[in-house]
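These protein sequence lines are chains A and B, in that order. 0 is the number of the first residue of the first sequence in numbering that gives the first Met the number 0; add one for each residue after it. 0 is the number of the first residue of the second sequence in numbering that gives the first Met the number 0; add one for each residue after it.
Bear in mind the hints are in silico, worked out from the structure with no lab data behind them. It should be emphasised that the depicted structure is a prediction, and the values quoted were computed from it without experimental measurement. One or more of the hints may lead you astray.
What the hints assert, rightly or not - Below 25 Å or equal to it, Euclidean Cα-Cα: the simulated DSS-like pairs (lysine-lysine) are:
id, chain 1, residue 1, chain 2, residue 2
1, B, Lys122, B, Lys68
2, A, Lys101, B, Lys82
3, A, Lys206, A, Lys47
4, A, Lys206, B, Lys98
5, A, Lys206, B, Lys46
6, A, Lys206, B, Lys145
7, B, Lys251, A, Lys216
8, A, Lys216, B, Lys221
9, B, Lys123, A, Lys222
10, B, Lys280, A, Lys222
11, A, Lys216, B, Lys219
12, B, Lys82, A, Lys203
13, A, Lys216, B, Lys277
14, A, Lys229, B, Lys251
15, B, Lys219, A, Lys144
16, B, Lys46, A, Lys136
What the hints assert, rightly or not - Okay, the calculated bits of chain A under chain B, using three or more residues with CB under 8 Å as the criterion:
id, stretch
17, 7-13
18, 184-195
Just so you know, even glycine gets a beta-carbon here, dropped at the ideal spot from N, CA and C.
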Amino acid sequence: MNTIACFKIVPDDTLIKIVGDKLELNVPPKISTYDKNAIEEAVRIKEKFGGKAIGVTAGNTDRKSIREALAMGLDEVIAINMRDQDVMTTAEVIAETISSIKPDIILAGESTTDSSGSVFPPYLASLLGYPVITYAKSILVEGNKVRVERNLTSFSEVVEANLPVVISVVGEINTPRIPTVRQILESAKKPVKTIDYNRQPKIKITKVSPYVTSRKKIIIEGKMEEAVDKLLSYLSQEGVL
Amino acid sequence: MKRVVIYSEDIESIKTAASYFGNENTIAISNKEVHFTDELHLIDDIKEDFIVNYIVSLNPEIVVTGSTKRDKTIAGAVAGLMKVPIIPDVTEINGNLAKRIVYSGMGIAEIEFSYPVVLTISKKSVEVKEKGTKVIKVQTKEEKIKRIEIKSKGEGGVDLSSAQIIVSVGRGIGSKENIKYAEELANALGAALGGSRPVTSELGWLPEDRQIGLSGLKVKPKLYIALGISGQPQHLAGIKDSKIIVAVNTDKNAPIVENADYIIVGDAIEFCKVMTEKVKKK
Numbered sequence: 000m001n002t003i004a005c006f007k008i009v010p011d012d013t014l015i016k017i018v019g020d021k022l023e024l025n026v027p028p029k030i031s032t033y034d035k036n037a038i039e040e041a042v043r044i045k046e047k048f049g050g051k052a053i054g055v056t057a058g059n060t061d062r063k064s065i066r067e068a069l070a071m072g073l074d075e076v077i078a079i080n081m082r083d084q085d086v087m088t089t090a091e092v093i094a095e096t097i098s099s100i101k102p103d104i105i106l107a108g109e110s111t112t113d114s115s116g117s118v119f120p121p122y123l124a125s126l127l128g129y130p131v132i133t134y135a136k137s138i139l140v141e142g143n144k145v146r147v148e149r150n151l152t153s154f155s156e157v158v159e160a161n162l163p164v165v166i167s168v169v170g171e172i173n174t175p176r177i178p179t180v181r182q183i184l185e186s187a188k189k190p191v192k193t194i195d196y197n198r199q200p201k202i203k204i205t206k207v208s209p210y211v212t213s214r215k216k217i218i219i220e221g222k223m224e225e226a227v228d229k230l231l232s233y234l235s236q237e238g239v240l
Numbered sequence: 000m001k002r003v004v005i006y007s008e009d010i011e012s013i014k015t016a017a018s019y020f021g022n023e024n025t026i027a028i029s030n031k032e033v034h035f036t037d038e039l040h041l042i043d044d045i046k047e048d049f050i051v052n053y054i055v056s057l058n059p060e061i062v063v064t065g066s067t068k069r070d071k072t073i074a075g076a077v078a079g080l081m082k083v084p085i086i087p088d089v090t091e092i093n094g095n096l097a098k099r100i101v102y103s104g105m106g107i108a109e110i111e112f113s114y115p116v117v118l119t120i121s122k123k124s125v126e127v128k129e130k131g132t133k134v135i136k137v138q139t140k141e142e143k144i145k146r147i148e149i150k151s152k153g154e155g156g157v158d159l160s161s162a163q164i165i166v167s168v169g170r171g172i173g174s175k176e177n178i179k180y181a182e183e184l185a186n187a188l189g190a191a192l193g194g195s196r197p198v199t200s201e202l203g204w205l206p207e208d209r210q211i212g213l214s215g216l217k218v219k220p221k222l223y224i225a226l227g228i229s230g231q232p233q234h235l236a237g238i239k240d241s242k243i244i245v246a247v248n249t250d251k252n253a254p255i256v257e258n259a260d261y262i263i264v265g266d267a268i269e270f271c272k273v274m275t276e277k278v279k280k281k
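Bound conformation, chain A alone:
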């Protein structure tokens, strides 16, 4: 059983700030939140069924983040250096890169914190000709099949598909492990294969500006009784209560 975890290295969304009329994106990178769940799930499948758990990342190939993914238990990482990327070019290069590995299960987070489109896993599946199951909250591997429970917000659905398959996972599927010091040290010895890839996306981001809704930021302090009275009068002035 070979499992691939796709993960993206993104600017840490909790550190991005709006400075004037610009977004300050020059912040430390991190593995995108739900992609860590994909890595964790790949490592768990490997621990249970053997085989290899391989990481694939495309875009920013920050070494520290890749080391973290390896320390979590991946056997190796394929790092694809891309300057400009969109869903299409990212899926194309990943499909080309992993087709020789013949993976049984390809995992990815349901969405990344930078772009949050959720459309990369199904795009990749189509290129590979694999079925896709999105928003998995649990994965059960049985022989050459997977049984997956999907979180579709207002309800959930249990589906089955044959391997090989592409699965996107939601945050509740597991709790990503925090590597031990030993695992971090050992990760330095694990292989990282770097590929450079340049293909101009057909769509072009022409501008990124801060998205702000201006808020009044009125702070009400003091005793709760009085604070609530003040709030109620504000809210009735606003016409919302």
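For chain A, the structure is supplied; the task is to place chain B on it using the hints.
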């Protein structure tokens, strides 16, 4: 005229798409009877892989879907089969420019595109005239994905996506038991009860379908009351369209403070008790 195929399980999304491409040759695919396009291909069930192949077989130049989880899954797979670019969660289209929200709701990106393309769009409230739509019934078939079971979640309380007032809880509420104070306040206000990602999908204090934020529901109430919610970008992305945001938090430096209209510095439970009493007396 371009052939535009519109797919969504949500009527409002089909309306929004029809409003963008009203002058083109439009085909809607949906499990709902909607008459805003030249043709409607009325499907009897949502089988994602069948719908993907069906859309591609229509040879569209533009594919537009809504932004529900299944809509986006279909859109991504269609774009991959057609080998064309995809722009998800488009909030505005102007000629060949699309706008979408990026960086967990902190940025807005402008993207230049050409055809063919696949777009998923965020629904807007638009007025669209009904058309003399030609309706074709389509029977879906099971393909590679086999559905075993649908588990519906118990419908509790007011619908979040259309609620006028929302009371929402975060980790700062302290415990699952304390949720009842927020619930009492919600009842007194006739509000819907929601929660942040930690209290829904991580701690299970509220069911997952109550999650508000980037990976949950995006809401737009008149009044949003955030109780013990620190205000991570992932949560803020889901509440940006609220008219008035009230935050109750013990920490004056929490990120929610910068993103609220009125902030009460104090204990969320005490706030609930006092506020519930006062609202009831009104």
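Status of each hint after checking the structure:
no.: 1; hint: B:Lys122 - B:Lys68; in the structure: holds (14 Å)
no.: 2; hint: A:Lys101 - B:Lys82; in the structure: holds (21 Å)
no.: 3; hint: A:Lys206 - A:Lys47; in the structure: violated (46 Å)
no.: 4; hint: A:Lys206 - B:Lys98; in the structure: holds (9 Å)
no.: 5; hint: A:Lys206 - B:Lys46; in the structure: violated (37 Å)
no.: 6; hint: A:Lys206 - B:Lys145; in the structure: violated (42 Å)
no.: 7; hint: B:Lys251 - A:Lys216; in the structure: holds (11 Å)
no.: 8; hint: A:Lys216 - B:Lys221; in the structure: holds (17 Å)
no.: 9; hint: B:Lys123 - A:Lys222; in the structure: violated (41 Å)
no.: 10; hint: B:Lys280 - A:Lys222; in the structure: holds (19 Å)
no.: 11; hint: A:Lys216 - B:Lys219; in the structure: holds (19 Å)
no.: 12; hint: B:Lys82 - A:Lys203; in the structure: holds (17 Å)
no.: 13; hint: A:Lys216 - B:Lys277; in the structure: holds (23 Å)
no.: 14; hint: A:Lys229 - B:Lys251; in the structure: holds (18 Å)
no.: 15; hint: B:Lys219 - A:Lys144; in the structure: violated (41 Å)
no.: 16; hint: B:Lys46 - A:Lys136; in the structure: holds (19 Å)
no.: 17; hint: 7-13; in the structure: holds (count 3)
no.: 18; hint: 184-195; in the structure: violated (count 0)
When each numbered hint is compared with the structure, violations occur for hints 3, 5, 6, 9, 15, 18.
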